[in-house]
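Engineer: One letter stands for each residue in the lines below.
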Amino acid sequence: MATYKYHILVCGGTGCQASDSAGIIENLKKELEARNLQNDVQVITSGCFGFCEKGPIVKIMPDNTFYVRVTPEDAAIIIEEHIVKGRKVERLLYTDPETQQHISDSKHMGFYQKQLRIALNNCGFIDPENIDEAISRDAYLALGKVLLEMTPQSAIDEIKKSGLRGRGGGGFPTGLKWELASKSPGDEKYVVCNADEGDPGAFMDRSILEGDPHSIIEAMTICGYCIGAHVGLVYIRAEYPLAIHRLKIALDQAREYGLLGDDILGSGFSFDIELRYGAGAFVCGEETALIHSMEGHRGEPTFKPPFPAVSGYLEKPTNVNNVETFACIPIIINKGAEWFASIGSEKSKGTKVFALAGKINNVGLIEVPMGTTLREVIYEIGGGIKGGKEFKAVQTGGPSGGCLTQKHLDTPIDYDNLIAAGSMMGSGGMIVMDEDDCMVSIAKFYLEFTVEESCGKCTPCRVGNKRLHEILDKITKGEGTMEDLDNLKNLSKVIKDTALCGLGQTSPNPVLSTIDNFWDEYVEHVVDKKCRAGVCRSMMRYVIDPEKCVGCTLCARNCPVNAITGERKEAHVIDQSICIKCGACKDKCKFNAIEIK
Amino acid sequence: METIKINIDNKNVEVPKGSTILQAARMNGIHIPTLCYLNLDDMNIENKPGGCRVCVVEVEGRKNLAPACATECLEGMVIKTHTTRILNARRTVVELILSDHPADCLVCAKSGNCELQTLAQDLGIRQITYKGAQSTYRMDTSPSIVRDVDKCIMCRRCEMMCNTVQTVGALSAINRGFEAVVAPAFEQDLIKSSCTYCGQCVAVCPTGALTEVDHTPQLIRDLADPTKTVVVQTAPAVRVALGEEFGMKPGTIVTGKMAAALREIGFDYVFDTDFAADLTIMEEGTELLDRLTRYLNGDKEVKLPILTSCCPAWVNFFEYYFPDMRDVPSTARSPQQMFGAIAKNYFAKKIGVDRKDLVVVSVMPCLAKKYECGRDEFKENGDPDVNYSISTRELAHLIKQSNIDFNKLPDADFDNPLGESTGASVIFGTTGGVIEAAARTAYELFTGKKLEKIDFECLRGLENIRQATVDFNGTPINIGIAHGLGSARKLLECIKKGECNLHAIEIMACPGGCIAGGGQPLHHGDASIIKARHTAIYEEDKNKPIRKSHENPYITKLYEEFLGKPCGELSHHLLHTHYFDKSKVEICIE
Amino acid sequence: MAKIKSLDDLRKVKSELQDKIKLRENANNPESMVQIKVGMATSGIASGAKEVFNYLSEELPKRNIDAIVTQTGDMGYCYAEPTIEVTLPGQEPIVFGYVNVTKANEIIEKYIKNGELVEGIIPKNYKSVE
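Protein chains in written order, with my numbering: chain A, 105 to 701; chain B, 70 to 659; chain C, 641 to 770.
No lab work stands behind these hints, which were simulated from the structure alone.
Just so you have them, the derived chain B footprint on chain A, three or more residues with Cβ under 8 Å: (1) 405 to 417; (2) 549 to 557; (3) 597 to 608.
Derived Cβ-Cβ restraints for the label pairs, each shown as a range: (4) Trp623/A - Thr152/B: 26 to 32 Å; (5) Glu699/A - Glu671/C: 57 to 63 Å; (6) Arg195/A - Glu691/C: 29 to 35 Å; (7) Lys408/A - Gly567/B: 38 to 44 Å; (8) Leu156/B - Pro304/A: 32 to 38 Å; (9) Asp291/A - Phe255/B: 38 to 44 Å; (10) Glu83/B - Met586/A: 48 to 54 Å; (11) Asn140/A - Asp648/C: 36 to 42 Å; (12) Val665/A - Thr205/B: 30 to 36 Å.
Computed footprint of chain C on chain A, listed as stretches where at least three residues anywhere in the stretch have a Cβ under 8 Å from a Cβ of chain C: (13) 162 to 174; (14) 225 to 236; (15) 248 to 257.
Since the model is a prediction, treat every value here as computed from it, not as a measurement. Quick reminder that beta carbons are idealized off the backbone N, C-alpha and C, glycines included.
Extracted from the complex, chain A is given alone in its bound form:
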């Protein structure tokens, strides 16, 4: 067997694949073979490294060189320079935005320095399609330990002690959930993994499934043993073909090794996992809706109780956990509940994965200990606001969350603090906004999403959200009244108070939090008919400064709706009743005579 002197890890996550990381791998292999180095250097397709902003990423071990934005054409130079000559390819190294220095080792990058990877432990480190690599990184050891050395209750106690809470958004204590399902009478029970990731921009579950599928299989099997289930179901959205592909490979490999199936590791315990595909409805992330969808019914929630732990899939006791929650289980068993509980804040233990997006330098997937502040995440990990603009707000918790502002920047992130601040953890979406974002439009954007994704079962969500959206639309068009603002507040509160499921109960959060934190902006829209961010087009007025206008007629000739009139060599005027605010005149004017008011 050859001893490889170098391992080249190439990100094979969905994002980097879209930028042809497969081409990079192919070319790397070709270049190696051309130099007869294929036995010295191993090329591995790994899961996501998280720094998607800079993808595709190629990492060279053992010297930890981190190449960013690599193209297939770069393969030759990487092999020739780095592998053959031992010289780093400077132009492919990451440049620190502040110091403008190249940083070769990811450990020294701001993006990674504050991170602690537990759920993402193996993502970007192993080949997810090779169970051997997972096993060499302790996969299935926790399962063996639980099956052969622990009782179901002692394993549940361990999870309880760890303080792990549901990562899908609800934050319900995982150990307690397992205990409820284990105490529910019945021979037939189910373990369900919720992989119906639906928050716009969130992809933590997908990355885990793509990068470390065995952790989920192992955790589900452990859960099955704890609650007394023999069948696991992964409800995964059909739009995740790569995650499905890797999960299927992992399932086959686990079965082949006897780590899934009958009499696992000689324990006498049997468990197997099936896949169920979702069609991407956001509401199917809600566990009762998810269960109905798996049963072949319309994916809509039902009132709890009964909780799935009592009556879930096929009316049998069912435990539903999210992917990221499951990903924490094996490591808790391996390293112990105390270790896990030592990370994080008082009531939120461990780490949380966030999908950083928006007006931020380092877009990507990050994992930080609970209790890390928003400031650390946005400025240290995220590298601050793009283009040196002013930070305005950060939306956490996806469409169900709220917008937090400057005054919340030093809030340590955990379940309770985010709720107290008027937002929520959600599944971990984090979208950063700057001075160019209009908060009314942001609220409208999120409402558009919930209106689209509501199942339509209960009145407040079906009709109420539609009306919220209509009022917001009216305000952004400059047609809002103060009464609309009152109605907006009342309606938001009633929807929160009366909606059937989590989707409806949280859908007004973006409205309420922007009203709380950016009330002035709402009033400006309504009273002054002004959008300070310049986003709401219908409120903008293009005006020609008669002092600056020389009457060149260029603007008039370029106006698509003939809204500009004026004699040659005299100041021109824009007829506001005709103007469609396209901005063509301003772009064309050579004398800077056209202003937006």
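Go by the hints and put chains B and C onto chain A.
Structural biologist: Chains B and C only, in chain A's frame:
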């Protein structure tokens, strides 16, 4: 019974364990408004999706409001049902529903009988704060049912009836969010679905989204046409429910007033479907006896059990779902169609009117009857045996339009010869009645002895599936009864598997039978109304001087004068039918 | 692959597989490892650096020494090539010159295993190559 202690509106009360907040409130005289909720308790029909959110209440320790209909009381629970927070929420929710509802109450079929309208009035809603877009759909008119889905409020009652109770599956929620609505698959027209037209969706719809096809304008036109002779037949179940539309107690028998009103409206002949029901017993009973005798004599080819065939929705059901079993039900036509055939082929000649000029109208508790009379096999050269069928509700409207003071009408009799009937035919109106009527006649024909005890108590009741063994003078006859198509499906599956040792089965599509049909006055979720009608049916039977179909003198006369013998050649032509395979529902996505 | 039938089996499989990924594991914790950089510029390769690099990469795992062996460009000591830089955990890097396979063996046995200095040390007057 185990009880728990709760506090509701500052009152400490004890309620049975497992009660919902709504039940607890009702037990203690507290009215919580509801909209989507429906509970016909002992008929196993319940709808509580918790969707409308009108019944929300405050539960101490809960951060949001809880739906009273779906929240179970727990020991020590502290509940408030009418705080200002709740009033505001409830009003807002109802305003939201109204904001997506056409405000055409003036011309809505349900006006005055609409649960949404009542709710809006009860809550004192005078304006709709949250105006906005309204969802619009095309109007869908089938032979029996009109779907005006703009008025759908997503209460899901119809869906529950169609799927859970009837297992027909023609209606279900489709689309998402604001576009969500209950409709046939792919938003097709009902006529292209597997709808049986049982009308149970209409019976529970709280608004005007689902209503019957209104035939009264056509009827008035025909009544006004001097060249037409208009005869009317009234089904057994109509007479025990019609009174409700005029403020009478449920279960009031208004046979005489109904006949008087029909005559006053201007029908030329006021007849009774009950007459045809007696005729049905003669035909179906003969068929049963024939199959039974052959079976008892060892004929292996004979199909048993025999299934009744007077319910058109049931006929549709097996044509859609059990087409391979269509040789099992009796071939006898329904009473409505037997009446039509006799009226047009016998009575028309008798009074010297061309069948084209004779308009046969039926008053039915049923919406499937509207569809049934339009079936091609019940027409002669395009002329239907029954021209149209109106529901009990439509008749009530007609009586009101005609300015008839129904309550003060003196009782009148039906006309002859097609108006005479027996107690056996009356009980056709409720579950178990047809088979009991058949048993009364079959017993005497089979044994040649006089039936001493006319009341077959063992065949009565409201349980969904019932079985009983009747002693035919030493020969035990096993009888089954199912009402509600879901129950029918269960029985049919038993028969299919060969696990059924029954000789005769009665099936009614509507839970409760015709008394709870889709054309009856709306029960608005009050099961006691259905039970009162049930009791009244047997009351009417008891008061009849003749209680066995074969003793109806006009029936005897009809056979002597016209038909010859039951199941004879003319009967076969006029009173029997055949069934079709409709399992291939055509799906076309537009 | 045969089925893994017990926890002991699994542990055994794991320890067998671990070597395959050791290189990556070690790279994750360089501070606690022996780090060796082999000067591999053209002049280094010409003078036999490649053989030394291969020898070290293969021998160290065999002798159960957790080490990271990487190559680097010209170290600036062309006269003494091949050169290698060895950093023991928590210690200053030391550069050895004129390293061949025999010398490399000596460095492993004496310096890396026991901390004994061997001949051929080049005085450290340069900045470690990143």
